[in-house]
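Trainee: Residues per chain, in single letters:
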Amino acid sequence: MPADRHPDGDVPGRGDGGAGPTGKKAGRGITRKEFLLLGAGVGAVIALQPWRRLGDELVSQVREDERAPPGTWRLFATTCRECPAGCGMHLMHRDGRITKAEGNPDHPVSRGGLCPRGQASLQGQYDPDRLRTALARGAGGCLEPVPLADAVARAGLRLGQAGGRVLVISDLQTGTLAEVVRRFSGAFGDEPPLFHEAFSYGPLREAHRAVFGRAEIPRYRLERCDFILSLSADFLECWVSPVEFAWQFARMHAYRDGGIGRMACVGPRLSMTGGNADDFLLVPPGADRLVAAAVLKAVIERGGARAEHAGLHGLLPQLATAAHQAEKHVPRERIGRLAERFAKARRPVALACPVGVDGPAARETATLAALLNAACGSVGEAVDFSRPHALSAAATDEDLERALSGLGDRDAVVVLCANPAYTAPHLADGLRRAGTVIRIGTMPDETAALADLVLPCDYPLESWGDYEPYAGIHGLMQPTMAPLYGTKSAGDLLLDLAAAAGRPLIPAGAGGFHELLLERWRHLAGEAGGPGPGGFESFWHESLVRGGFFESAPREARVEPMVPELRPAPSSEPAAPAPASPASPEGGPVRAEFWPWAGILLFDGRLSNRGWIQENSQRLAEITWTNWFDVHPTLARRLGLRNGDIVSARSASGEVEAPARLNEEIDPGTVAMAFGQGHTALGRNAAGRGANAFALLASPDAGRSTNAALPLVTLAKTGRSMAFATTAPTRMQHGRDLLRWIRLSVLRTMGPGEGVSLTMPLPGGYDPKRDLYPPHQYKRHRWAMAIDLHKCIGCGACQMACYAENNIPVMGEEQVRNGREMSWLRVPPYWSEDRERIGWLPLPCQHCDAAPCEPVCPVFASVHNEEGLNAQIYNRCVGTRYCNNNCPYKVRRFEWLNVEWVKPLDMQLNPEVTVRCRGVMEKCTFCIQRIHRAEYQAAIEKRPLRDGEIQPACVQSCPTRAFVFGDLLDPESEVNRIIRTDPRRYQLLQELNTKPAVFYLMRIHNDEG
Amino acid sequence: MSGQPADRPGLAERRTLRLRRVEVFLAALGALFVSLGAILYYVSYRSQIGIEQPIPFSHRFHVGTKQLSCVMCHPRALDSAQAGVPPLETCMLCHEHVAIHYPPIAELREHYFSGRPVVWKQVNDVPDFVYFVHGIHLERGTDCGRCHGDVRGMDRVVPARKFDMGFCMECHRDNGATHDCFTCHR
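Note that the protein sequences, when read in sequence, are chains A and B. The first sequence begins at 0 in numbering that gives the first Met the number 0 and counts up by one. The second sequence begins at 0 in numbering that gives the first Met the number 0 and counts up by one.
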């Protein structure tokens, strides 16, 4: 360190800032005497200072705000905009900030459930990396902060002077904002705006145009079906409207009248949807269309009675060829059984089209699925074209490519919220060529990084708006709290921008976007048969409270003409089998097909900067904080790969590196990777993490594999490796029988009340021969939970809800690798003993009656509550961790570190739950704060508690309603009814005699037919 | 006080000395009165006067003299966790017309009309890991004074009780209320 060296060669610093060991003056330091004097002085000052407390001020309101009185919870209904599904949300608001998102039970799409991404919208609102000011590219080529008004004026000027095209790219919008976007785009030329979504389902819409004459995504009503055939369509994860499909699926798949609906899934990788399927067929990418052809052939051959079949008979020769090819991938009898089940089903439906994939094979699969739906008569029933999905209006990949190619210096592009520089990296250069790129958004993402001007807009939870996920389902958005920063709503920014460019969209002085919204809703009220007796005011108010205006009258008239015009377009070109990779020496590069998929958490990557999203494990793989290549062991052997080795994959369009996860849940000739990671910008949690799967997909024509539109990738071992941060070390049960299945044929023979005899967590469950401690007596309540594993699809919404409700900290990748993730509730997947089926086991604290954690606590911090809960008292806990070591369910978490809540993420903290510090054990409380709130409310209203009134966060959030919470002492309660009557009941590790208060209902193994 | 004649002071000097003695005596007497007064003030009165607030509001006058009910200004105590401070609107129910020229009230009105909140100093508080709910205690018939003392005698409110766990548990025991840890700690 030559720079630190003193001129005379002596090293300074020794003795500086403190006394030398001898107390002599050393350099510029102080003597011991001075040091002691100083120390004493500072000590005296500290000692004599009056004891002060922070935050001891009470701010009075000036006028009482009855909508949000201080210290009380208020719910604001709004619409989730984390994906195009548009579910209804209730935001819990308290003292000017929102702390929790819940499902809106009145919303026809989500029906009270909310997915993990919807829960994480709060972390989007409070994202510490959010754009706070406008940015403009300065002289040095860097983005520099400028006042918003300046930036709008500059942007307007540049737009007004742009001589060429003005292209507007937005994420999918409907309603008022879409109208503003269209008018904005129209003011600068006749080029229509592009509503760009990374997952736009082009093949599905194309197929529906070919078969039904309507390039639309219909409304699926899976709850009316008894058989679902999913052709690589992961409809429980990200596909179109996942929360809606989750409750629909749970309903059709539920055990009722001695039977359950059946779901078959065909695809190249075992996804979460595949894990929930009764039959899962692993085929190479693109071969799902061969299976579809075989099924269609069987349906046509069997279904003479159905009139529509007439036109389909001509297809039989083509289908026969394809069906024959399918047998290369799947044994004939499995296909035969699948086809028979589909053909025999009363109301089957076929879903096709993977997310983010386009090309002839995907189109052909979608066409065959459409034909299947037409042939089996589900159109108009399970496939409802009367209410097409908003995604039908999304721009296709070709539209985007066409628009972005040929941009030049004189052109300007306005990008609203969408992030094409990340989701279509091959088009980023096209975007850069534009003379002006104006970005309106909330995050400093890849598109913002290449923009000339960045205008920050309100987060959807801060702004007015509306969104129409299905025709006639109008969701309303209202500000659930005041904007955090000096931002404006996207609509207002567009209006300002147009005005600044000299082409105002509304007359000067007219109200802004909010006024346009009201105008549209006045019109809607009129269309809906007048605003009603209360006038528009009451219509508007009711819509705000309900979360929107939902047309309930069926639009049957539009369903009638949907007799399919049969214009089938299955290509007859012979498909090659799984790519025959050339024999290569071990460790050398290997060619494989690439299969991208979207997980329920990361989706298309727009939420990747949120700690909750990164720290909650990717379903099935249970890996956090990164993405990976799924590699089959046979392929791995050819490459000489071990689990965690980093592989580079090169396609015609790009190259990425990611660790390999070796597993047999993937087609041997394929590697798969999830979308969502590999950001170069977006923020601290996202940037530089994992790999971007979009980069490999970019140009579908180059290097295309033979039977899919997906690129072939060349894999090579890099020689480096990493350890995954996983949350489930094993998915095997090792004979412990944790997650149980019951055969449908057995279940049918069982009457109510039969099955496993339970050890009740009540005095009745006390057995002097087995118990060491006396039973607990309960006077008023004994809380318990029933979890229907057959309904659980493993989405992890409960886990995310728990993070939000209980102030659970995000620990980061390193700590998760150390096994220190803090999640109170986990949802690990487990294989059945024969590895035939997989399921999920939501695992909150079991609130045992003979809890092993309680007697071992030396300080009585772990105690039994009067209502049966295992309470952990943080202020008493000294952190011995004995309780954790003695817990057989491993549901207790120890705070190893003091976690910093980066501002403004601390605004999300639930004020009714203690924020724990280092050295404290913590665990699930059944949301005691909610129990107390309901109990006190009932007491104040002088009435008994109603069953179902208390909903812990996990229970509220579950899209499939797998959880039931209630009082065991109430003989009428739902939880009591279930555990008394349902033959599927069991307790986890019952043999330990812990007497858990969480009861599980077995998954049903559908062995019929 | 030596008796050497040469050093005996003159009459005038002696008078001055006596005067000085009187002065010293008077000063000592004064000091005694002041300190007695101070002790009286601190012992008797100061203990009943709380922290200074931005606007001098007297609970003694409003609750004692004018006999206003606690929940007139703190209605939220009845049904929610925190009693809170009333919105200025509540003050204006009376001070729209009453005593509008009295300087502190004029200041209050100024706050109200300009829409600026008054930032009061918090007097009663429990630690962050204690979750106290007013509503359920009032519902069970607990008198406000049990924890807050007799505010009818307090011009500026003082913390009448030390809110430690013993204080809570004693009352819970006397009334046969719950001893469940989860009631207050979560």
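Fair warning: there could be bad hints in the mix.
[As the list claims (entries may be wrong)] Between beta-carbon pairs, the in silico distance windows are:
| # | chain 1 | residue 1 | chain 2 | residue 2 | range |
| --- | --- | --- | --- | --- | --- |
| 1 | A | 896 | B | 166 | 52 to 58 Å |
| 2 | A | 540 | B | 101 | 38 to 44 Å |
| 3 | B | 152 | A | 762 | 27 to 33 Å |
[Unchecked claim] Far from chain A, some chain B residues (derived; all Cβ distances over 10 Å):
| # | residue |
| --- | --- |
| 4 | 16 |
| 5 | 64 |
| 6 | 75 |
| 7 | 127 |
| 8 | 159 |
| 9 | 161 |
| 10 | 169 |
| 11 | 174 |
| 12 | 180 |
| 13 | 185 |
Everything labelled a hint here was simulated from the structure, so no lab data went into it. Each residue gets a CB set at the ideal place from its N, CA and C atoms; glycine is no exception.
Trainee: Each hint needs a verdict: does it hold in this structure or not?
Mentor: Structure-based check of all given hints:
1. A:896 with B:166: 52 to 58 Å: violated, 34 Å
2. A:540 with B:101: 38 to 44 Å: Since residue 540 of chain A and residue 101 of chain B have Cβ atoms about 42 Å apart, the given range 38 to 44 Å holds.
3. B:152 with A:762: 27 to 33 Å: Taking Cβ atoms as reference, residue 152 of chain B and residue 762 of chain A lie about 51 Å apart, which means the hint is violated.
4. 16: The claim stands: residue 16 of chain B keeps its Cβ more than 10 Å from every Cβ of chain A (closest is about 42 Å).
5. 64: holds, 23 Å
6. 75: Violated, since 6 Å does not exceed 10 Å.
7. 127: Per Cβ check, residue 127 of chain B is inside 10 Å of chain A; nearest 7 Å; violated.
8. 159: holds, 17 Å
9. 161: Fine: 14 Å to the nearest Cβ keeps residue 161 of chain B off the interface.
10. 169: holds, 19 Å
11. 174: holds, 15 Å
12. 180: violated, 5 Å
13. 185: violated, 5 Å
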